[in-house]
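Please model the entire structure based on the sequences and the hints provided.
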Amino acid sequence: MRKFAPVADGPNAAALQVLAEQDSEVRATLFGRIVEQYPQAAMVFPEGATEVPQVLVDATSFTLAATQESESAGAAIPEATLIPLREWALDLRRTGFPASEFPAVAEIVGGVVGVDTQVLVRAAREMERVSREADEAGVAAASVAQVTQVAQDGSAWVVRAEASAAVGYAAGQALPVMRAGNQGVWWALAPAVPPNRFGQLEFHLDGPDVEVGDYLTLGAARGPAVRANRPKMLLVAVGTGWAAAKSVVFGLIEERIRPEVHLVVCGDNADDFYDTHTINSLTDSQPWLQVTRVAPTPGEFGESSAKAIWVPGSAFVSAPGTWWDHQIVLCGKGAEVAEYREALEAAGARGILTCATDAAVQFPTA
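Numbered per UniProt numbering, the sequence shown spans residues 1 to 366.
No lab work stands behind these hints: they were computed from the structure.
Careful: at least some of the hints might be erroneous.
As a list, the in silico DSS-like pairs of lysine-lysine whose alpha-carbon atoms are at most 25 Å apart [stated by the list, open to error]:
1) Lys307 to Lys232
2) Lys232 to Lys333
3) Lys307 to Lys333
This structure is a prediction, so every number in the text was calculated from the model and none was measured.
Spelled out as structure tokens, the structure:
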């Protein structure tokens with residue numbers, strides 16, 4: 001994540017210092033003021049919450065720091081500042097909080113942190129605008145799907161669900177997901193199947209967190225979409241990152257022109273691998289797909305043309321010859337794939353695309 005450099009002696013320096021201290025008192029005060037003004041807003045937060053989420057503090061810090069120099073001259077808010085704010089506005093539509101109230105919330109935030117609220121209100125009005133335009137364009141704020149199957153497969157739980165209409169996302173992206181009855185608690189999950197007109201979904205979880213019959217609310221897709229742009233692709237799946245990678249592979253099957261794909265499925269040991277029937281079937285049936293399973297500890301996988309190599313995953317993917325001349329796509333939880341990205345960049349790889357299955361709205365931090 002890119003870092004901003006706040007101006008040490010600017011008009012917002014004191015507020016930025018307070019926000020940078022990660023003091024829960026600020027978050028608690030903001031929570032109290034917002035819920036006092038909008039009692040119904042309590043339903044947006046997890047049950048029992050007493051603080052606003054950190055993303056509100058991060059967005060405030062980012063906006064104040066990024067506009068500190070230009071604001072003194074009365075300049076427009078930089079486009080680079082508005083882009084993540086617009087994305088956040090679209091993401092917030094899933095909560096049901098009215099965008100028309102964003103400017104009023106900005107006034108509350110400015111009052112709590114002790115700054116002139118003009119720039120925050122202007123930023124909030126831009127967020128209101130893009131949210132309203134999405135409403136007017138008929139873009140669904142959220143979708144609802146019902147869980148139809150939950151099954152444990154090795155180290156993962158495979159969850160299948162169906163929505164009444166197509167769900168908007170692209171292969172490699174993640175969706176914010178909230179289970180009915182779990183107020184304000186959102187997960188980020190990557191669909192394991194490409195988008196389809198039937199609204200069929202598949203997610204891979206680390207635990208049995210849902211049951212058949214549960215309803216799921218799905219927000220706007222996050223993260224980059226994977227589109228082949230080179231003749232060869234190195235597609236790395238770490239843990240349940242296989243969900244995002246699986247969506248990419250099945251999406252490529254439907255393409256007329258596709259790259260040669262080297263799929264590397266990584267785990268800590270053989271027990272971490274799951275959905276082996278699908279992986280073996282793909283390996284044996286798709287001539288353009290080469291599959292390698294990688295783990296530091298040896299194990300058995302049954303009969304398949306997929307190779308197994310017993311080394312640390314990051315060492316394998318960053319080795320000479322593995323990634324050269326390839327489009328590189330990493331799929332997995334952000335913290336898990338960070339090691340792989342660092343190893344690849346240290347080896348000289350550039351232009352790496354990360355599909356974080358736990359993708360969240362983030363702002364650059366100081």
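Going back to the hint list, which numbers does this structure go against? Of the numbered hints given earlier, the structure breaks none, since each of them holds.
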